[in-house]
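Novice: The primary structure of each chain is shown beneath.
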Amino acid sequence: DVKVTQSSRYLVKRTGEKVFLECVQDMDHENMFWYRQDPGLGLRLIYFSYDVKMKEKGDIPEGYSVSREKKERFSLILESASTNQTSMYLCASSRYFVRDKDTSGANVLTFGAGSRLTVL
Amino acid sequence: SQQGEEDPQALSIQEGENATMNCSYKTSINNLQWYRQNSGRGLVHLILIRSNEREKHSGRLRVTLDTSKKSSSLLITASRAADTASYFCATASLYNFNKFYFGSGTKLNVKP
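Going down the list, the sequences are from chains A and B.
Residue numbering for the first sequence is 1 to 120, as defined by our numbering.
Residue numbering for the second sequence is 121 to 232, as defined by our numbering.
The hints are simulated quantities; they were obtained by calculation from the structure and are not laboratory data.
Treat the hints with care, since some could be wrong.
What the hints assert, rightly or not - Counterexamples of contact, computed for chain B against chain A with all Cβ distances above 12 Å:
#1 142
#2 161
#3 180
#4 181
#5 230
Said to hold, decoys possible - Cross-link-like lysine-lysine pairs, in silico, DSSO-like; alpha carbons within 30 Å at most:
#6 219(B) <-> 3(A)
#7 70(A) <-> 18(A)
#8 219(B) <-> 71(A)
Unchecked claim - Restraint ranges, calculated between C-beta atoms of paired labels, are given here:
#9 232(B) <-> 67(A): 28 to 36 Å
#10 113(A) <-> 178(B): 19 to 27 Å
#11 65(A) <-> 215(B): 22 to 30 Å
#12 189(B) <-> 62(A): 18 to 26 Å
#13 202(B) <-> 67(A): 32 to 40 Å
#14 52(A) <-> 134(B): 44 to 52 Å
By construction, the Cβ of each residue, glycine as well, lies at the ideal position given by its N, Cα and C atoms.
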């Protein structure tokens, strides 16, 4: 019954390496998100996408890029990993919520299990 | 940042007691949601309250919302050891309700 799948639970990379974090959802959701979670800081939005090939920056996009070539897949890319990018990365998806038309539904997030990245 | 804040940061109670955690946020919202996270895992949605609602119940959960104070509270009644987890509030902005901002979380420990 897994609905949002993150490709790796644990990764260890070296400084300067290019890192790909993959996320796939099977709920036909329009929206997909990447968050970073650090102790005491909660979840911070890195990027989100509301459609294929569409993306919008969150609070902390520096050092990251994203790719959404297919509706079900949203990739987070660290072009040159640094030690301060050691963190837990959480992918999530939700329906696209049109306020005036959707009075019964709700834009609830479904999360993956997370990817814990360590950069040495 | 549009993130909210939660307090307390940590809460330790005995099984059977009630647990209350609070969330404050900064912008006008469409809705506010509470999520739960077991250690090292992803978040799971618990309950959603819309900006025109003041209180909502779901099982042992009770959520209140005060938009004038930009705050919400989550009450878990008759807590169980299995409720031990971190709890986060998330807001969907009034101006972009497809974008979610999270608080810093409350870590709840329920002792058996």
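Novice: Any hints this thing doesn't respect? Which numbers, in order?
Specialist: Failing hints, ascending: 2, 9 and 12.
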